[in-house]
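Order-wise, the sequence lines are chains A and B. In terms of my numbering, the first sequence opens at residue 627 and continues consecutively. In terms of my numbering, the second sequence opens at residue 136 and continues consecutively.
Worth flagging that the hints you see were computed from the coordinates, not collected in a lab. Beta carbons are placed, not taken as given, at the ideal position from N, Cα and C, and that holds for glycine. Treat the hints with caution; some may be incorrect.
Derived DSS-like pairs: lysine-lysine, alpha-carbon spacing no greater than 27 Å straight-line [claimed, not checked]:
hint	chain 1	residue 1	chain 2	residue 2
1	B	K162	A	K911
2	A	K906	B	K159
3	A	K748	B	K159
4	A	K747	B	K162
5	A	K911	A	K923
6	A	K791	B	K162
7	A	K700	B	K162
8	B	K159	A	K747
9	B	K159	A	K847
10	A	K906	B	K162
11	B	K159	A	K791
12	A	K748	A	K1103
13	A	K1247	A	K1266
14	A	K1414	A	K1356
15	A	K847	B	K162
16	A	K911	B	K159
17	A	K988	A	K1284
18	A	K748	B	K162
DEER-style ranges, computed between Cβ atoms [to be verified]:
hint	chain 1	residue 1	chain 2	residue 2	range
19	A	I1172	B	S163	51 to 61 Å
20	A	L1370	B	T169	36 to 46 Å
21	A	Y815	B	I158	28 to 38 Å
22	A	F646	B	I158	47 to 57 Å
23	B	A160	A	K733	26 to 36 Å
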Amino acid sequence: MNTNTCYHCGLDCGKNPVKFNDKYFCCNGCKTVYEILNANELGCYYDLESNPGTIPSEIKDKYSYLENQEIVSKLLEFDDGTIAVSEFYIPSIHCSSCIWVLENLSKLNSGVITSLVNFPKKTVRITYKTNATNLKEVVELLTSIAYEPYISLEDADAKKNKVSKTLIYQLVIAAFVFGNVMMLSFPEYFQVEGFWINKYKIVFRWLMLLMSIPVVVYSAKDYFISAYKGLSHKILNIDVPVALGVSVLFIRSSTEVVLNTGGGFFDSLTGLIFFLLLGKFFQQKTYNFLSFERDYKSYFPIAVTKIIDGKEIPIAVKDILEGDRLLIRNQELIPVDAILINGTASIDYSFVTGESIPVIKKSGDKLFAGGKQTAGIIEVDVINVLEQSYLTQLWSNDIFKKSHEKTIKNITDSISKYFTAIILTIALFAGIYWYFVNPSLAFNIVTAVLIIACPCALALSAPFAFGNMLRIFGYQKLYLKNAEVIEQMSKIDTIIFDKTGTITSNEGSKINYEGTKLTSKELQQIKAIIRGSNHPLSRALYDAIIEDCSSEKPIAFNEIIGKGIESSFKDTSFELGSASFVGIEQIELNETSIYVKINKVIKGKFKLSNTYRQGIKDIFKNLSKKYELIILSGDNEGEKETLKAMLPQSTQFQFNQKPENKLNFIKNLQSNGNHVLMLGDGLNDAGALAQSNVGIAISENINVFSPACDGILDANLFNKIPKFLTLAYKTVRIIKISFILSFLYNVIGMYFALTGQLTPVVAAILMPASSITIVIFVTVLTNWISKKN
Amino acid sequence: MEVVYITIGVSVIVAIFFLVIFIKAIKSGQYEDTYTPSVRMLFDDELVNENNKEHN
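So here's chain A without its partners, still in its complex pose (with noise of 0.2 Å):
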């Protein structure tokens, strides 16, 4: 049997396997689905009602909160008291069956009318009937049938907007037009003279003229904003030029249509506008299944328990008060700051620091906002209410507040200021030139020069080459925000680190044992015991020793939360756990160690400590040839000496650092002309990826959280940020070389205007083969580069 594939789907089973009648499944979901395949003899009764799960006790009460009718309504996407609409997020959808599992939710609870899954999105939406079931009984099904939907405060806020369309609408409406348009302007190009094409060519022009004014007002119509925009900032960008371009176009064909002195240059009209918002298209790559726009609200919780005169009611998070005493069950995040008063907490702050074991506290102790609770029920006091939290009052910082409008100049528009001046310089002269030689032609030459002008090539080489990297590293797992990141990328000399989590793994923490040796017995008994253990700390250990532990059985089991684990076996007794677990006193404060007492003695402790990533030493040598390094960490000192002696010398560190000072130490550097790469991944960081050129958050698993930044990449590929910093560079310098190129083709059009020759046949021809030309052109050349690299 092969364990690492699931019995029903095939896919990887990955590190935690659901087991069921001696077989595996890489989620309850195919377990489900088998169960019910396999008590009904494949399938003769495909009923699920017969299995509708159990709820384990620990949920029970955890969505009480769904009975608070101001929550719910903040959930819902539609009631009008009879149907009622609602979205969920569920992070654990990754398969086949887990659509057809939520698909066939109405046959579970008959109050569901239909779900209906977005596997991309990793969402389901829920139709239901109001007076046959409610939001709780829903969510409580799904968390049952181990799908449980993620909630959080984010959801409680207004309904975020929808994608907007508008960008297709515009490239669907200029593609229709243009090929409309072309078809109709070519019997004009083949038949110049002739009764046929005079008596038609009056109803082609006039049909071209009208399809073609809901381009120019409606597809076109951000290329006017955006040029009015940069005029009334001072600021000449790409768009100028365009507007121009595309005004003079329809204002001249119009008029040539009007007074029937010619068929005008629709089809280079419309094919311009076609070709620019199919680069605007395709520089939009948008990754469904992530956000680059989280902060805390996605991660914490909508809502809470609260305890009043020993009774449990569930309060909406914001409405936490100071004083307020809170219960918090296992694995559920603490929303504020708070004191433990009752309760051993095990808090795991990963989402906040990146280090994913976790922090054993004891009552009276002060627990931050952000942190999971990892180990039973416990009851806190709270001392900050949301805002006002260690965490979340990162938040109130400006660099959250003002939306990202673009402030940058980018590489375009920094080139389009002299194009704009030397356009109209040269239609000026050559407008009075001719006004003296042939005043007739004065007119037809100055519109030809600022058509041929229309930097369509120029605007489009930048889109194109953008957006084909950002597939490249889409692919390579690499996940930008967006296009203009990547100028960003090559613009950067600083690069910060963060410690936990970025540069040190999660996985795979490195485990030594110090004490007395332990015998190959007793460590397949240990690993025996800690089988039993869903703790963090026993799940490492367990994979840390490589004994097989199939032969041993422990006869006695007992796990006190939050402290360890009592044993035993036929001649021996073990405690694994904490220092206190074992009687003892703990003598390094911050470590991380399980004790082990065997018959009562106490033989060693199993020491975790981080690992550094994988070729860590060659990325920094490497980075550090062309980049500042700065390592910038919320830690202590403790590691300083290990870094010092594995990263190049030149490598800055800063410890404790809090996370406003991160931001602020960013701020800085900016102020002193740096342009910043910041590498992080826990919430913690998120002010400094905000605050960064470019922020890029590390994650090990791309489809769980991390904060607002503009960009992701996938832990495992860490050793590849030189090569993407390469590639990005490299971007821009084929972006340049094609500038070049498009200017040689605005000098041979030119020579067409300024000399009266650009007749509609010519711009036709011109126009498209000089777009596509370097569309072709950087499209191969960021494919060869990423390929050669």
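Dock chain B against the given chain A, drawing on the hints supplied.
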């Protein structure tokens, strides 16, 4: 040759008809999730097959 007016008229109307249909399709969200329907289609078949077996 007056038929050209009719043919052009018809062709433009047909073209506009398709344009409108295409824009409606975009609006209805058909292109937002191009993966799930392909899987969903197969499941429906599976359900029908199982039911058929039962009846046989």
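(request) Enumerate the violated hints, using their earlier numbering and listing them in ascending order. (result) none
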